[in-house]
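Peer 1: Listed below are the residues making up each chain.
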Amino acid sequence: MLYILRRVAFYLAAFFVAVTLNFFIPRIMPGDPSARIIASFQGRLNEAQVEAIRASYGTTGSLWEQYIGYVGQVLRMDFGISTVQFPEPTSSLLFYGATWTLVLVGIAITFAFLIGTMMGIHAAWNRGGFFDSVFTPINVMLNAFTPAVVALLLFYAFSLQLQWFPLGRAHATGLSPSWDPQFIGNVLYHATLPVLSILIVSFGGWHLGMRNVMINLLNEDFVILARAKGLSDRRVRYRYVARNAILPQITSLALSVGFLLGGALVTEQVFNYPGLGKFTVTAIESRDYSFIQAQLLLLTMSVLVANFLSDIANVILDPRLRKG
Amino acid sequence: MRELRIKKKPGWTSRLSPSLAAFVTNPKGMSGVIILLAIILFSILAPMFSEYNPHRRAGKPHVAPSYEHVMGTTRMGKDVYTQVAYGGRISLGVGFGAGIAAAVIGLAIGISAGYFGGRVDDILTFFVNVVLVLPGLPLIIVIASLVDSAGPLVIGIVLALTGWGWPARTIRTQTLSLRTREFVLSAELMGEKKWRIIFKEIFPNMLSFFMSGLVLGTIAAILAEAALSFIGLGDPNAVTWGTMLYWAQNNMALQTGAWWEIWPPALAIMLTGAALVMINFAVDEITNPQLKAGRKIGLIRKFLKRRGRSADVF
Amino acid sequence: MSSDRAMIEVRNLTVDYIGDNSVARAVNGIDFEIREGEAFGLAGESGCGKSTVAFALARLTRLPGLVSGGQVRLNGDDVLKFDKARLKAYRWNEVSFVFQSAMNALNPVIPVSEQITDVIHTHQPELGNDGARARAVELFELVGIPPRRLDDYPHQFSGGMRQRICIAIALALSPKLIIMDEPTTALDVVVQRDIIEQIVEIKARLGFSVLFITHDLGLMIEFCDRIGVMYSGELVEVAPAEAILTNPLHPYTRALGNSFPPLTGPRTRLEGIAGTPPDLRSLPQGCRFAPRCPHAMEVCRTTAPELRYYPQNRSEAACHLLN
Amino acid sequence: MTRVADAPVIEMDDVDKEFILGGAFLNQTYLKALSGISLRLVRGRALALVGESGSGKSTCARMVAGAYEPSSGAIRFHGEDISQFKGDRLQRYRSEVQMVFQDPFGSLNPTQSIGYHLERPLRLHRPDLKGKAVQEEMLTLLEGVGLRPAADYLKRRPHELSGGQRQRVAIARALSVQPEVLLADEPTSMLDVSVRLGILNLLEDLKQQRNLAALYITHDIATARYFAEDTAVMYAGHLVEQGPSEQITDNPRHPYTQLLIEAVPNPNRKIATTRTKRAADIPLWTRGSRGCPFVSRCPKATSICSESMPGPTDIGSGHYVRCHNL
Amino acid sequence: QDNRVVLTLHPIDSDALIENFNPNNPTGPQQFVRDFAYEPLWIDNIWNPDNDFPALATAYEIADDLMSITYNLREGVKWSDGEDFNADDVIFTFEYAKANQDYPMGIDVYVEDTDTGSVVSAEKIDDYTVKFNLKEPDALARFALGGIYPLPEHIWADIEDPKNYANAKPVGTGPWTEVQNFSRSSVELCRNETSRYNEENAIDCLRFLQLNGNEQIIAAMSAGEVDWLGTGLTDPEITFTPQSEFNNYWLPPGGDVNLQINTTKAPFNDLEFRKALSVAIDRDTIVEISTFGLTTHTRFPIGTGEAYATWINDEALEPYAWLMAYDPDKAMELLDAAGFVDADNDGWRNNPDGTPISFEINIPNGWTDWINSGQTISENLQDVGLNAVVRTMDQGAWNDKARTGDFDSYIMWTNGGPTPYNTYNPMFNPRNMEQGRVDYQAMHQMRLPEVEDALAAFRSTADRDAQMEQMTNIHLAVAENLPVIGLFANPTWYEYSTRNFEGWVTEENPYVRPVVFEGTRERVIHALSLKPISR
Ligand SMILES: Nc1ncnc2c1ncn2[C@@H]1O[C@H](COP(=O)(O)OP(=O)(O)OP(=O)(O)O)[C@@H](O)[C@H]1O
Ligand SMILES: Nc1ncnc2c1ncn2[C@@H]1O[C@H](COP(=O)(O)OP(=O)(O)OP(=O)(O)O)[C@@H](O)[C@H]1O
Ligand SMILES: [Mg+2]
Ligand SMILES: [Mg+2]
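Keeping their order, the protein sequence lines are chains E, X, D, F and Z. Take the first sequence: its position 43, counted from the start at 1, is 43 in the numbering used here, and no numbers get skipped. Take the second sequence: its position 226, counted from the start at 1, is 226 in the numbering used here, and no numbers get skipped. Take the third sequence: its position 64, counted from the start at 1, is 64 in the numbering used here, and no numbers get skipped. Take the fourth sequence: its position 192, counted from the start at 1, is 192 in the numbering used here, and no numbers get skipped. Take the fifth sequence: its position 201, counted from the start at 1, is 201 in the numbering used here, and no numbers get skipped.
In isolation and in its complexed conformation, chain E is listed as follows (with noise of 0.2 Å):
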């Protein structure tokens, strides 16, 4: 219980921290929202015109203000007003690009773990022999190539090439989002190519650390007794052996959260889909302050949160952690 105490209140201070980090980052970058909305004018606008939307779009009052002003904003959850769609909340599109960013990301996620995992304790299991030698440099290895080639080649030869797979978005546009077969399937083929180009460099890095951690194991005494005990290699395998190196496992899967969303930014601009990702970089693009602030507090806070799930996780999967 302390343990997780100990993790609330760092979780508490990490927050603050990130906050406050996402407030002032946006801030120092040059330019600001309202030069983007005149550009778009390009040229219509008389001074007047240009003087009260400064005035009207920009931002009012001296830093202080401005942080006070935006840390009450987040304590109630306001992220303010879009200025590259204004004037949309930047909670509804925030909400729309984080739930098509979490479909991607987490069926990505999901693979990559489970496939990473799997193939790393065989790997372990049969350590030295064909599949080890093999595949174990191979899978890493892709984990080493850059995520926008492969998304690039994976949408010029199966989506442009031979039409496999769709141009790009979410779902079909006739589509509206609902929780039939037609709809999840239709989304589901949508991610397919996405979801393989992050997959793809992704799953070798659960791999290799699964199978260094269960070679470790391997050769532990509780093992050696397992197997003296006589019981069946799947018991060993999984219960004694896998049991045990999927704990640094999960506490890894926390922390690539953070490198997954990011990650995710290069697919979702080649297969265009409507993610954080995209709307993120737009929004530096044209310095929609609310925008790059909420969507920074949000990937911390799920980073955050995919700690504490992982700070918890461990607890209920490590009774040594359990005390104290």
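Hints listed in this document are in silico derivations from the structure and should not be mistaken for laboratory results. Possibly wrong hints are sitting among the right ones.
To be verified - Reference listing, derived: stretches of chain Z covered by chain X, where coverage requires no fewer than 3 residues with Cβ under 8 Å from a Cβ of chain X:
(1) 232-243
(2) 369-378
Unchecked claim - Derived lysine-lysine pairs resembling BS3-like cross-links, with alpha carbons at most 30 Å apart:
(3) X/K200 to F/K270
(4) X/K193 to F/K132
(5) F/K86 to X/K194
(6) Z/K163 to Z/K78
In this text, a Cβ means the ideal position worked out from N, Cα and C, and glycines have one as well.
Use these hints to put chains X, D, F and Z with the ligands onto chain E, whose structure you have.
Peer 2: Chains X, D, F and Z with the ligands alone, transformed into the frame defined by chain E:
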């Protein structure tokens, strides 16, 4: 027992320090080093390989690979081969620069936190955790756009500043376990200065972790530079592997059939990544010999199988 | 209490560790047998191959280890040739194991109860959940731990208790032979004594054989009926426990006996054994102990002596001095 | 060995040591690792400190070496309180008191050569040695601990040596600064039986040749008796019995000492299976704990035992016991 | 319901559509509803000025003193909710624009406080006649006033904060006003049942898709998802036409792109230097390679080009044509002669006073064809010994620097309009050169009084010949002084698919400008001219 193919250890390795000897006899590690060295040399010696200027047009647009343009030309008529060679300088420079810087910052923070403990540790660990928790790439994008145009240098600095979380964490854990080792206490009781203990007693034992952090950091930095340039947040004037991809993508190299504009930088990145991965494999195996899958184990399994037996345990 | 019927015979057992650039012959053609109900000890300094023998016996040789020759016979069948099904029955039904460090022998994230019951489920599925549980309770009582603690996790027990749990697991199926590889070295002497006494008591009740490994000669003599002394992968002497100190045949055995300062008598200077054991990857010719032996002769450096039975001592030894 | 009780080199005077065990700010628990320890080290003699694991033996040695400060009480070196040592005096003290650690694998830095390990203390504490003299001193030291030919060892790294050789290097390093006091914290516990005696004999020779005051920590009472003239028995941070080694082993008076001696493997008997007692865990000694720590396991315990810890009783020839039921 | 005839067009890139149909919201909505749901008073047919399309007005009259214009409004027009349209709506719209300066409705309302703007007031003459009073005589005011999109007074009168108003159910007079099937990825604007166009209008709905990035957009057209685009192309003969038999494009020349140089500082303040600059640039390469052969050459160094071909007096300008021809030798000769030589032997030329020359060409990130052009220019300039480098920057920073005047040179578009006046006025209006508020078009900051005079004269006559004369004066002054260095004419991006519709504007039948973006009022005429192909 001939089937087990036991070779005598090459004699010359005995003159090297044991971990170095382990490295040079590790086939994965050495192939990584050789590939990497080849790429680095290729980049450094770029002017020797090509008379073209990577920033200037060298021929007609989209010339297919030919005698004059070994890897063809870009849509703008720049020589791809030359760009790959020169681009390597910056990509590798950013990668290694940021990788090394992040590893060094991580090392400094990790060691200090682990060695000094107490308040220092609490504070440093907090920052490490914050850096770990802050979303990486998006933050980099925001910071990179702070400056009007994110040249390779800026990208490198930003990557270094955001990339030290991981190494700091592993190194701190490692330091914590080293600090309880008696040779550290013994040096303290001997009256050694703190910095000397850190540099001479602790650091050398952390070399492999440092190396591994450096290698992984470098891969991450190279990939991040490529990704940032690819989505157009880099400086398109710079010639790096990432900007080459950016231009290839912008000029629809794939659609126009100019595969030679996109594959060379893509392969260069992949090859570098692969080489670094192999080096990291070797470093892992040296720190933890168990990880060495060892052809030996496979051979023993076969040996036993042929005799109708199976390996007893793993 | 031990009969003279051999229950397990080890013949010419050879085990190698295959390295990248070398082969280490950790056990070099050793012969001995363990009789029914007997406590047989393997003594010798660190690295001489005691554990390797034990693991080979239990068919637990770890890669890159390789049993490259010899036999382990159980009722005439070679254990090393057992197929999967037979091996499963052999393991734990016939031979069980207690490891050196209980800290590492129990899986930290699985409740202790499950670590006991899963072996019962595997080998006696007919007992069912309740039967297995009941058996676990019995075992806990047998080793003197309150059964209400069955569902605790290993870290919640003290070192001595953990070691007792390991013993409980080893007893789960009433095996014929329990191998104990340094079962108490990580423990305090007082706790050690406590556990050893408990083992003796249970052994007296259940009548299994024990292969006991330690480098504490004193403890071994107290506990074992017969003792084999190993040096550098070979057995140099096999003798009744009492004879090891009082009437050692092999100079190494004698030297070993001299390495334990006594608790009584005047404080006199003892000499240990000078030098270090040979590197298994490049062994000396002849007797492996010769380089450290105060009585080494010319022949010792050229020919390896063989283990021979000396009826007057009821001991076997391998030394040229005795001829 | 009858000698006028020399003035002690090191004197621990009623030393307490508390460690914070954790807990939040308010309900922090303090582990009392040492309670009222008084010990004296005299030149030319060794004092063995025996006791169960976790009883505070290492803590004693580390406090003498200056790694921790006492929570109360004082440690004096030739009558001077060592907690007052600062700067140069502290640096000098560090050369006067040297420690040899338990673990020959852990106490040498695997990445540094043997030469480095010997050179550092010489450079730090023997400014008189210049140039070649350092090198020569290193060779002399190695030969002194029986590592011959010495020159061979300088370039080697710890992993190239056997455990016994490493422990010798550690001893050579401790001796390099010509200390008056040698603190040996289980210097043989990780060593194989065959080399253990070699190290003990070496320490014995050094003790006599250099007239060292030695503190020998072990939980093996037999080697304590073998090496040290005096033995002190610790239990849960308390000294329970102290006196000449032979007396302690031949005539243990404290129930814990008796239990300990009883437990030592003895080839001259067979194990009896008439057990009644069962080892309970050593109690966690905290600020609030009272009485004799051994009470939970003591067969003779009476009600007074859980109330207070008696002071030492002298039962002759320097043999002290702390027990109510003598 | 899917027998509907739907035209899919793509006037703006976005990450997600928003449910906002405010006709004056520039972040997207106005692209969807202007022209289609909200009609202007008058649709100028820029390419065929004799064939304008009266919209909510049927006629206009310019007062002789050029101080006012009177519009006759169309009678019998109904808003899509059934209310009548009349002069009150127009007056309301003007007053509304005046009251809400931060909600720019495209009317240059005069503001006393700052003495800016040109339209002083709107007067209701009768229910269907409105008179706009101007601050100064202006023969060109009709172009701007015709572009007023009247708002229905009965709806907007109650809207307090128009810029934040989402206008989810637009009420207009145009052919398509009904929003249907809104989602983040597509939205439809369907037939206005009260529209007077319904007889000729074959299209039931317009559909707008969320799309982003040229690659995606082109792929969408190839796949038959979009009919009408205005997206940038790269090697269209390879990447576009072959993708589908229905894919077509036509890229008539549009406004010019110029190199804006900061003539307030050395070396750009030297005319000889500017001449050298002009001839040092290899425009052929830029047109053919840097911009993929999609741009067109400009013949004369006048800052505007073929988009206003009818205004150019070839004969008068011929002597300046050499300034547009690539001649590096000539450039070096000019530089040498003017004293720009490499005085310090660092490989680069110096100013006559010996100070080094090095300058940047600023281009926003991601504007790749411009970056390519900039790189070619810097190569060209380096070839003649000038140390010029391309500097790309974030668009926000790029915007900022332009205004503060803190720059060396920019590649810059030119504003378009019905006459070249719309291009030259912002380029030479002294108000656009004031310190700290420099307009993009006037970044050169060189005042040319003869141009200012000619512009004033141009504006104060409605006579085409007189205007032509003034325009020639302007051209000559610009060519003589080279305040900007002309580069090439941008393409007008226009792609269309013949899969579902016929009747597209083609090179052979250029009946209106085929631009899909808002700002081209003719686009509604184009859409109404399309007929479905039945397959
Ligand atoms: N996995 C391995 N690879 C290579 N050599 C090994 C391996 N395991 C053991 N050995 C070697 O085999 C020899 C015998 O080892 P073993 O563990 O049987 O010794 P032991 O007598 O049990 O020693 P200890 O008392 O220290 O447990 C040693 O020299 C050891 O170095
Ligand atoms: N730095 C420390 N912080 C907190 N507790 C400590 C610290 N050092 C020692 N202790 C505790 O003090 C008690 C005494 O420890 P010490 O190491 O002195 O025992 P020991 O008798 O040397 O045991 P061993 O025989 O295992 O070496 C133990 O309970 C230990 O956990
Ligand atoms: Mg062993
Ligand atoms: Mg200790």
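Peer 1: For this structure, which hints from the list above don't hold up?
Peer 2: 3
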